[in-house]
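J.: This is what each chain is made of:
Number of protein chains: 2
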Amino acid sequence: MSLVVIGTVAFDSVKTPHGIREEALGGSATYFAVAASFFTSVRMLAVVGEDFPEDRLAELGRRDIDTSGILRIPGRTFRWKGEYGEDLNEARTLETHLNVLQEFDPVLPDSYRDARLLFLANIDPVLQAKVQSQVKAPDLVAADTMNFWIEGKRDELVSTLKDVDLLVINDGEARMLAGESSLPKAARKIREMGPRSVIVKRGEYGVALYGPDGTFAAPAFPVEDVFDPTGAGDSFAGGMMGYLARVGEINDTTLRQAMVCGSVMASFNIEDFSMDRMWKLTRGEVDERCRQFQALTRYDLPGTLG
Amino acid sequence: MSLVVIGTVAFDSVKTPHGIREEALGGSATYFAVAASFFTSVRMLAVVGEDFPEDRLAELGRRDIDTSGILRIPGRTFRWKGEYGEDLNEARTLETHLNVLQEFDPVLPDSYRDARLLFLANIDPVLQAKVQSQVKAPDLVAADTMNFWIEGKRDELVSTLKDVDLLVINDGEARMLAGESSLPKAARKIREMGPRSVIVKRGEYGVALYGPDGTFAAPAFPVEDVFDPTGAGDSFAGGMMGYLARVGEINDTTLRQAMVCGSVMASFNIEDFSMDRMWKLTRGEVDERCRQFQALTRYDLPGTLG
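These protein sequence lines are chains A and U, in that order.
Residues in the first sequence are numbered from 1102 upward in steps of one, following the numbering used here.
Residues in the second sequence are numbered from 1102 upward in steps of one, following the numbering used here.
Do not rely on the hints blindly, as some may be mistaken.
One copy or two, it doesn't matter: identical chains are merged, so the pair holds either way.
[Unchecked claim] Computed list of lysine to aspartate or glutamate pairs in DMTMM-like fashion (alpha-carbon distance at most 20 Å, straight line):
(1) Lys-1286 - Glu-1372
(2) Lys-1254 - Glu-1123
(3) Lys-1263 - Glu-1184
(4) Lys-1182 - Asp-1240
(5) Lys-1286 - Asp-1188
(6) Lys-1231 - Asp-1401
(7) Lys-1286 - Glu-1187
These are calculated hints, taken from the structure and not from any lab test.
Model, not experiment: these values are computed from the prediction.
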């Protein structure tokens, strides 16, 4: 199934307890696409500035990523600067320079319009809706969002969500969006806004799916040294959507498997700064960690008490 | 397998977003024993004051709980007062009155000394060690502890841990005990202190086992309305140890099952104040939630990428 992602391409400057990395490749669409590319081909829609190096685009192109939808416009590429303390679940934003993002008027290339799977990565919900309306007949539209839009563009976000099938969202943001501290209740409220299913990302604690076929929960794969959590959520989404595109069928069974693939991709991504771990990653390593993930979660049903 | 628990019996006064409960039955040994009693008979070692009502002991006795090791001494029963905000993972202690706990000199009744399974619930590590030395030849000694002892009696705790097989501990306290923010690393450091295995409790996010046969992680069973998280950890431990006592075999397979049973018992316990939900709970409901737990966590291994 053909897969399209719209989101950001960025230069990130990140400080974590393991070190500092300046102006590294980042952005929600980039993390997503790189993770998805291990499973399927993926088409990116994003914007960069004149300062974005050609060879970076070429590097993505070598990985089954279609970059023809990445617009280059006058100005500088989006930049984000943040740091993580000992609690690696939460970034502290130090600087955000939207730069060319402010001018981004996403238009899908014709070759993208037949996408069967669409991922609206974290970006202005108005842009998300605009892109969605350009895709002819998608089987699944999934989206991410963040506190910035929940607080600042709530009406627009709620409107966008009406046509989203699957929302992928952090636990704190799910609570904020629903105005509800109980996560099962928050998920139900969000599902009443439109999405058939909600996947709640809980950082080092894993992910949970609330959908029409019930609830599924998976822990995070334990990583001894989290070098840089940036992009973990987008890598999760990329692995998940990439897997769905690969198997070509969307149901409760494949969605659970897809979430495991997403968790595995996120676990690799955080093992080094930026996408450094992903460039070296092999398909064999992904397969192996999927098996390790099953060893991590598998158990036999306890005998009954009767 | 015979199961003994030493810990506290208390009166808890608790405030949560769902209400207030004054002087309700609580204590680590009580929560543990009530949960364990769904799986096996369990012998309690604890201390109460003159104010502790006889009929409360009788109520425990009707549930396959041996209360002959509960000493009644002059003074008042241990009391704890706390409150939970929207973040139900963390209690704020308002008052602690140790009362008779300060005089507690635990001596195992002869009938307890052949225990095959021993749980040292959260209590002074010096008392934990004293009890442990009185059990003849246990197959498994498990223990819990808390920040109070990690900070205040660290040397005594480390000494006690040398002879503990399985430590059951909150994630924040595991990090504190090990002086290490990475949980897999913290678990390894704790295992170097003595315990073959460490189970880390992560509240609403579930539990993780770090042991000689690898790592196992299970989510928490999703509960829509957490009325009162007090005793969740002890209910988990009671369900877990109770299951092990019931199956009579301790290995990686039964330990994983036992953790699921513990998670199920904890999920029931938090559905009402104090032990109110447990008094009404049936074995059929426990079996049913074990099956629901499997539906929550089950997935098929994703196909390989090869």
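J.: None of the hints should be skipped; say for each whether it holds.
T.: Results of checking the hints against the structure:
1. Lys-1286 - Glu-1372: Between copies, since 15 Å is at most 20 Å while 33 Å is not.
2. Lys-1254 - Glu-1123: neither (30 Å within a copy, 44 Å between copies)
3. Lys-1263 - Glu-1184: Cα proximity of Lys-1263 and Glu-1184: none, with 34 Å in one copy and 39 Å across.
4. Lys-1182 - Asp-1240: Answer is neither: 36 Å inside a copy and 54 Å across each miss the 20 Å cutoff.
5. Lys-1286 - Asp-1188: between (26 Å within a copy, 15 Å between copies)
6. Lys-1231 - Asp-1401: For Lys-1231 and Asp-1401, the Cα distance exceeds 20 Å both inside one copy (47 Å) and across copies (36 Å).
7. Lys-1286 - Glu-1187: between (30 Å within a copy, 14 Å between copies)
Checked against the numbered hints given earlier, the structure breaks hints 2, 3, 4, 6 and satisfies all the rest.
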